[in-house]
Every structure is written in C-alpha cells, then in structure tokens.
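A.B. asks: Residue numbers (the numbering used here), protein chains in the order written: chain A, 1 to 130; chain B, 131 to 260; chain C, 261 to 390.
Check each hint, because a few of them may be wrong.
Short, incomplete list of chain A residues facing chain C, as computed with Cβ under 7 Å [to be verified]:
no.: 1; residue: 32
no.: 2; residue: 47
no.: 3; residue: 52
no.: 4; residue: 55
no.: 5; residue: 60
no.: 6; residue: 76
no.: 7; residue: 78
no.: 8; residue: 95
no.: 9; residue: 96
no.: 10; residue: 98
no.: 11; residue: 107
no.: 12; residue: 110
Chain B is nowhere near these chain A residues, computed Cβ spacing over 10 Å in every case [to be verified]:
no.: 13; residue: 4
no.: 14; residue: 6
no.: 15; residue: 15
no.: 16; residue: 16
no.: 17; residue: 23
no.: 18; residue: 38
no.: 19; residue: 40
no.: 20; residue: 62
no.: 21; residue: 72
no.: 22; residue: 89
no.: 23; residue: 94
no.: 24; residue: 101
no.: 25; residue: 129
These aren't lab readings, by the way, just hints derived from the structure by calculation.
Just so you know, even glycine gets a beta-carbon here, dropped at the ideal spot from N, CA and C.
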Amino acid sequence: MKTFSVSTKGHTDVIDISTRIESLLPKSKSGVVTVFVSGSTAAISAIEADPNLYEDLKDVLEKIAPYKKDWKHHKTWGDDNGAAHIRATIFGPSETIPFENGKLLLGQWQKIVLIDFDTGPRTREVIVSF
Amino acid sequence: MKTFSVSTKGHTDVIDISTRIESLLPKSKSGVVTVFVSGSTAAISAIEADPNLYEDLKDVLEKIAPYKKDWKHHKTWGDDNGAAHIRATIFGPSETIPFENGKLLLGQWQKIVLIDFDTGPRTREVIVSF
Amino acid sequence: MKTFSVSTKGHTDVIDISTRIESLLPKSKSGVVTVFVSGSTAAISAIEADPNLYEDLKDVLEKIAPYKKDWKHHKTWGDDNGAAHIRATIFGPSETIPFENGKLLLGQWQKIVLIDFDTGPRTREVIVSF
Chain A
1 MKTFSVSTKG HTDVIDISTR IESLLPKSKS GVVTVFVSGS TAAISAIEAD
51 PNLYEDLKDV LEKIAPYKKD WKHHKTWGDD NGAAHIRATI FGPSETIPFE
101 NGKLLLGQWQ KIVLIDFDTG PRTREVIVSF
Chain B
131 MKTFSVSTKG HTDVIDISTR IESLLPKSKS GVVTVFVSGS TAAISAIEAD
181 PNLYEDLKDV LEKIAPYKKD WKHHKTWGDD NGAAHIRATI FGPSETIPFE
231 NGKLLLGQWQ KIVLIDFDTG PRTREVIVSF
Chain C
261 MKTFSVSTKG HTDVIDISTR IESLLPKSKS GVVTVFVSGS TAAISAIEAD
311 PNLYEDLKDV LEKIAPYKKD WKHHKTWGDD NGAAHIRATI FGPSETIPFE
361 NGKLLLGQWQ KIVLIDFDTG PRTREVIVSF
C-alpha cells in the first residue's frame with residue numbers, strides 16, 4: 001500500500017493520476033491495483049484526458065446536482081458543499097484496475113482520474129493498493 | 131470472505147455499515163476489503179453520515195429516476211421497482227477500500243454505506259472479502 | 261488475469277457477461293474477481309437481465325447526457341460521442357465481485373454487464389482478474 005497527495009482546485013476538478021499510479025507499481029509484476037480517495041467530496045473514475053470533455057462533465061453534473069442550491073446538508077454544519085457530496089457518492093471512491101509489468105491496462109484514451117467536487121482548494125490523499 | 135445481514139426500509143434507505151465491516155477485519159493486518167451487496171436494487175458507496183444529506187440524495191435521484199413513473203420494467207413482471215433498478219445500476223454493487231490494522235482508511239467524514247433503493251423493507255446480504 | 265472480447269452495437273448496449281466471467285473462474289476456489297473494461301466509452305455494472313429495463317436505463321441516460329447534443333468534446337477531435345464518455349465516467353470501468361467454487365455470488369436477478377455507450381459497433385476487451 002502506498003499513498004500520494006494531489007493539490008486540487010475543487011469545483012469538479014478532474015486530475016489525471018494514471019502516471020503517478022504507474023510510478024508506484026512494481027515493474028516486473030502483474031495484478032490489480034485499487035485506487036481509493038479518502039474524503040467524502042472526491043471520487044475516482046476513468047475518462048479521456050480532454051479539457052473540453054471535463055467541461056461537458058461539469059455541465060451535466062451542474063444539472064443533476066447544482067452547486068448553488070439550498071441543500072438540506074447546508075443546515076447541518078453551515079457548509080456550502082452539498083452538491084460536492086452528492087456527486088462524490090454517485091461516482092464512488094474506488095476503482096480497481098489490472099496492470100501488467102508495471103503498466104495499467106487502460107484503453108488508448110482512458111485515464112484514471114481523481115475528481116475533486118468540493119468548493120475550494122484541497123490536498124487529497126490517494127491510496128494505491130496492489 | 132464473511133457476510134452479514136442488514137434490515138432495510140427501502141426507498142433509498144442509506145445505512146452506514148463502516149463499523150460492521152471493520153468488526154470483521156483482522157486487527158493486525160493491512161490490505162484492501164471488497165464490499166459487495168447481492169441483489170439488483172441495492173448498492174455500495176461512500177457518503178458523510180448526515181440524515182439531511184441523505185434527503186438531498188433522495189431528492190436528486192427522484193429527479194433522475196422517479197419512483198412513481200410508468201417504467202417499462204413494470205410490464206415485465208408486474209413490479210413497481212423500476213426506479214430502484216436504475217439507481218442501483220448507476221451506483222454499482224461494489225467498492226474496494228484499503229485498511230490498516232483492522233481500520234478502514236476513510237476520510238474524517240467518509241462512511242461506507244449500503245443504499246437500498248427497493249420499494250419495500252428487505253433483508254440484504256453484504257459480502258466482505260479481504 | 262484473463263481476457264475475452266465482446267462484440268457490441270454501442271448506443272448504451274447492455275450485455276450480460278456473467279456466464280463468460282464464471283467460465284474463467286477456478287471451479288474449486290473462492291475469492292474476488294475484478295472485471296474491468298478497457299476503453300473510455302464503456303463501463304461495467306450490475307443489472308437485472310430485462311430488455312425492458314435496458315430501455316428504461318437508456319431513457320434515463322438520454323435525459324442526463326443526450327447523444328444528440330453539441331458537446332464541447334466534439335470540437336476536440338470532431339467526434340460524435342461526448343454523451344458516451346460522460347455516461348462511462350459516471351458508471352466507472354470496474355466492479356469487484358466475490359465468488360465461491362467458481363460461481364459469482366450474485367443476487368437472484370443480478371447480472372454483471374458490460375455497457376457500451378459509444379456511437380457505433382465495437383469489439384471490447386474485458387479483463388478478468390482473480
């Protein structure tokens with residue numbers, strides 16, 4: 001098990017972590033690696049590394065769970081990140097990916113990403129287990 | 131591999147199972163644990179344990195896949211739980227979480243939850259593998 | 261680690277791969293199997309094998325991320341599959357499922373499916389790790 005930190009801007013910030021994951025994998029082994037983000041307003045998924053597509057994703061999620069809405073969660077702690085929680089729960093905090101000789105077995109355009117949905121900058125811890 | 135049962139009320143019932151998972155983990159080992167729910171109208175995810183946030187989640191899902199809709203699935207078996215199936219499929223039935231010395235490596239507010247989307251009370255089986 | 265190929269039609273084509281996964285599992289062992297699809301416009305999830313329900317799922321996703329929309333991603337490469345990318349990212353590329361004596365521990369109606377969201381027929385590679 002290994003960890004690394006990622007600085008994020010929040011507001012559905014999509015960050016390609018494929019290379020960082022691969023740098024931790026044993027070069028001469030094969031298996032699966034579980035990628036997990038600790039924190040209830042971030043998620044792990046896969047997407048093509050296209051900033052235009054990241055904008056499309058933000059537009060879709062803004063319709064499903066808009067940031068500027070009077071979420072009931074905001075009454076609990078005076079928080080402003082109800083949308084971030086909802087988005088993170090729909091995506092889920094983990095993905096498990098096969099690797100061979102230290103390389104993730106991804107499709108040509110497929111990247112593993114950390115998505116930070118929170119409403120401000122954060123430092124996120126990603127836990128990589130293989 | 132170990133299992134435990136959870137009594138649920140359905141209708142997007144969110145149940146924190148973090149403590150029950152941890153009670154099954156070996157106290158002196160580290161690794162990853164896969165949490166899986168059998169059944170096609172329930173899911174596993176992570177969320178802050180806030181009942182207000184659970185209500186927000188229900189509101190969002192009610193817009194995406196409302197319970198009171200004439201789903202085509204209802205014609206197949208005379209069921210009334212089309213929305214429950216759709217919601218469960220979007221969330222997925224598994225998450226894999228790292229643990230250390232018997233403790234899940236979750237964020238401060240992050241809990242692992244079983245969500246039962248079905249339209250009545252059920253007993254759910256959760257399968258914990260490590 | 262084993263792989264198999266699946267011919268898909270795209271447009272949110274749902275294909276039950278439970279039997280193909282089980283055919284690769286060791287008959288006398290138990291554990292977990294990770295099912296992963298390589299490619300950024302497909303996903304793995306679970307659903308009841310009901311064609312009516314597949315239509316319901318398509319209807320819901322068409323509202324969330326419609327195929328015929330002027331996605332920003334289309335400007336990047338001249339592609340037409342922005343909706344497919346968004347859908348795949350929301351679902352995620354992996355699920356991990358427990359098995360016993362070569363049988364997946366699924367619910368009575370629960371099947372593991374490959375969903376191909378792309379806009380034309382494809383051959384998909386599914387990677388099965390246990």
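A.B. asks: Hint by hint, say whether it matches the structure.
C.D. replies: Here is how each hint holds up against the structure:
no., hint, in the structure
1, 32, "holds, 5 Å"
2, 47, "holds, 4 Å"
3, 52, "holds, 4 Å"
4, 55, "holds, 5 Å"
5, 60, "holds, 5 Å"
6, 76, "violated, 26 Å"
7, 78, "violated, 29 Å"
8, 95, "holds, 5 Å"
9, 96, "holds, 5 Å"
10, 98, "holds, 5 Å"
11, 107, "holds, 4 Å"
12, 110, "holds, 4 Å"
13, 4, "holds, 13 Å"
14, 6, "holds, 14 Å"
15, 15, "holds, 17 Å"
16, 16, "holds, 21 Å"
17, 23, "holds, 18 Å"
18, 38, "violated, 4 Å"
19, 40, "violated, 4 Å"
20, 62, "holds, 12 Å"
21, 72, "violated, 4 Å"
22, 89, "violated, 4 Å"
23, 94, "violated, 5 Å"
24, 101, "holds, 21 Å"
25, 129, "violated, 5 Å"
In the structure shown, a violation is registered for the earlier hints numbered 6, 7, 18, 19, 21, 22, 23 and 25, in ascending order.
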